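Construct all of the structure, not just a fragment, from the sequences and the given hints.
Number of protein chains: 2
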Amino acid sequence: MADRTYGEIPGYPVGSAFTNRAELAKSGVHRPNQAGICGGKDGAESIVVSGGYPDDEDFGNEIIYTGHGGNDPQAKRQIAHQKLIQGNAGLARNQFEGNPVRVIRGAGGDNDQSPASGFRYDGLFRVVDHWHEIGKDGYRIWRFRLTKIDSNANPSPASRTEPAGRASATIQRIIRSSANARRVKELHDHRCQVCGLRLETPAGPYSEAAHIKPLGRPHDGPDVQGNILCLCPNHHVLLDSGAIYVDDHSVVRSAVDDMKLGELRTAGKHIIDYTFVKYHREHYGISEIEIELHDHGG
Amino acid sequence: MADRTYGEIPGYPVGSAFTNRAELAKSGVHRPNQAGICGGKDGAESIVVSGGYPDDEDFGNEIIYTGHGGNDPQAKRQIAHQKLIQGNAGLARNQFEGNPVRVIRGAGGDNDQSPASGFRYDGLFRVVDHWHEIGKDGYRIWRFRLTKIDSNANPSPASRTEPAGRASATIQRIIRSSANARRVKELHDHRCQVCGLRLETPAGPYSEAAHIKPLGRPHDGPDVQGNILCLCPNHHVLLDSGAIYVDDHSVVRSAVDDMKLGELRTAGKHIIDYTFVKYHREHYGISEIEIELHDHGG
Chain Z
1 MADRTYGEIP
11 GYPVGSAFTN
21 RAELAKSGVH
31 RPNQAGICGG
41 KDGAESIVVS
51 GGYPDDEDFG
61 NEIIYTGHGG
71 NDPQAKRQIA
81 HQKLIQGNAG
91 LARNQFEGNP
101 VRVIRGAGGD
111 NDQSPASGFR
121 YDGLFRVVDH
131 WHEIGKDGYR
141 IWRFRLTKID
151 SNANPSPASR
161 TEPAGRASAT
171 IQRIIRSSAN
181 ARRVKELHDH
191 RCQVCGLRLE
201 TPAGPYSEAA
211 HIKPLGRPHD
221 GPDVQGNILC
231 LCPNHHVLLD
241 SGAIYVDDHS
251 VVRSAVDDMK
261 LGELRTAGKH
271 IIDYTFVKYH
281 REHYGISEIE
291 IELHDHGG
Chain R
1 MADRTYGEIP
11 GYPVGSAFTN
21 RAELAKSGVH
31 RPNQAGICGG
41 KDGAESIVVS
51 GGYPDDEDFG
61 NEIIYTGHGG
71 NDPQAKRQIA
81 HQKLIQGNAG
91 LARNQFEGNP
101 VRVIRGAGGD
111 NDQSPASGFR
121 YDGLFRVVDH
131 WHEIGKDGYR
141 IWRFRLTKID
151 SNANPSPASR
161 TEPAGRASAT
171 IQRIIRSSAN
181 ARRVKELHDH
191 RCQVCGLRLE
201 TPAGPYSEAA
211 HIKPLGRPHD
221 GPDVQGNILC
231 LCPNHHVLLD
241 SGAIYVDDHS
251 VVRSAVDDMK
261 LGELRTAGKH
271 IIDYTFVKYH
281 REHYGISEIE
291 IELHDHGG
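Same order as they appear, the protein sequences are chains Z and R.
The numbering of the first sequence is UniProt numbering, which starts it at 1 and goes up by one.
The numbering of the second sequence is UniProt numbering, which starts it at 1 and goes up by one.
Some hints here could point you the wrong way.
Chain R is faced by these chain Z residues, among others (derived, beta-carbon under 10 Å) [what the hints assert, rightly or not]:
{"id": "1", "residue": "Q86"}
{"id": "2", "residue": "N88"}
{"id": "3", "residue": "S178"}
{"id": "4", "residue": "H236"}
{"id": "5", "residue": "V237"}
Here are the computed lysine to any residue pairs in the SDA-like style, where the Cα-Cα straight-line distance is at most 25 Å [what the hints assert, rightly or not]:
{"id": "6", "chain 1": "Z", "residue 1": "K269", "chain 2": "R", "residue 2": "D42"}
{"id": "7", "chain 1": "R", "residue 1": "K278", "chain 2": "R", "residue 2": "H81"}
{"id": "8", "chain 1": "Z", "residue 1": "K213", "chain 2": "R", "residue 2": "T201"}
{"id": "9", "chain 1": "R", "residue 1": "K41", "chain 2": "Z", "residue 2": "E186"}
Don't read these hints as lab results, they were simulated from the structure.
Given the structure is predicted, the values throughout are model-derived calculations rather than measurements.
Yeah, the Cβ is synthetic: ideal placement off N, Cα and C, and Gly gets one too.
Written out as structure tokens, the structure reads:
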């Protein structure tokens, strides 16, 4: 595994300015001289957002970042498909491992968010989602949703409060429920629609409501029963990471090897809207285009 | 299922004051005239914190709340063991379903946090953990950690931003990692130490680092390798909810039926500290005392 430094670089607080990439590289805040992502498949430590990819969207505390590869840096256009390899795989890995990414904005990025000249270190972000889509130029791009870690904030409501100075290392399952989510779980009696498992605990059965087309930006899937599956935590992780998808015949398939895992389990009054299933397949599951890419490009 | 009203009661904003329980009950903010928990095994909608249980701890935005049952309301002492039934089961259910609990503080509770007289509605809290322990009076009590939902806060870093007015319904897996957590997952090559499963995704294997003795108040388990297990999400949920525990012979057992599930899988350099295993068993797993209670008391 590469020797990576996650988190703040001593001596370079948020807001630190750099005249050019050479100066930025020398500081250690973003080490490569050209690449937008400093990372490999083991993880990514920093990214530069500077307008090189036409699909980037910068909302300040939230960034929809485009992976690397397949672009023409002069024309700032995509000219080929991107793959989930190298720094792209690294950003996805950060999502799984919880490692933060240093975000550096450069002149040329979003007008409202970027410095007028040079580069600026803008703090630590988390990778909270990754998926793929066809970008503005007609080629497949990988996308990462990053949200700023507010170091001044109180611990979020469901966090386990930790003594100052202790390394934080936990997974929080913050469950925000809705009547529709609860109803779908009830209709399935908390049995996973993929594997049929019902987790039994001293406090009763446990299941999760998974949104097929995700809630929130940029997907904006609705919180309706047709967009919700009742899943065990394992299959929830697999669905959200695109490791499994549902085809138009209600068959659950593995995106890793395209194997058929079985029919999606049904419950009488729970009608799934296959528009959302298609959206998930096209943005999270590995599509046929992607499989072809894997076969030919590796 | 009982007809429950979760969340704010219209007309009664945070800070609303009530002279007595009758007035409080009439408002609908906390419907029972005597019970501290308004709820059943399907969920709990509100609680009153007013010093009736000697083990309650009130930190303002965080409350370690004692379940109901087994206390002498006059002497304010525990005189019998508590069980995970009725309102206690309901609070645990809220943790699973994500439903918020209205918290009402009454005079007689923590000096710093409680009103001088009568009762005050203090907002919505989440149930983020539940476990059992032997209370100050020597009897088993159920404990619930509640944290205040800050309705004014920005969305927490990893939340999916949702348009205003849309019901929020999602599970967030906010992963905060540490070198020790990552190292344990690596040592096990992301295989669950309970079932041996390794979740495969397009972005590589996914596993979770579970702290045996939880981090944070009041457990304050350390973030060391001896206190971490590499688990699949399903077994992480089962461990955290006390559905499974590890005995002193490294055997994983179901707390639901006490069945042996198998030996905890080992990795050469990963040495588990059985002090933490014992802590987990005594506070999350159903102990022999608890099993006896189930047998005799139901």
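For each hint, the structure was consulted:
no., hint, result
1, Q86, "violated (12 Å)"
2, N88, "holds (9 Å)"
3, S178, "holds (3 Å)"
4, H236, "holds (7 Å)"
5, V237, "holds (5 Å)"
6, Z:K269 to R:D42, "holds (21 Å)"
7, R:K278 to R:H81, "holds (20 Å)"
8, Z:K213 to R:T201, "holds (18 Å)"
9, R:K41 to Z:E186, "holds (14 Å)"
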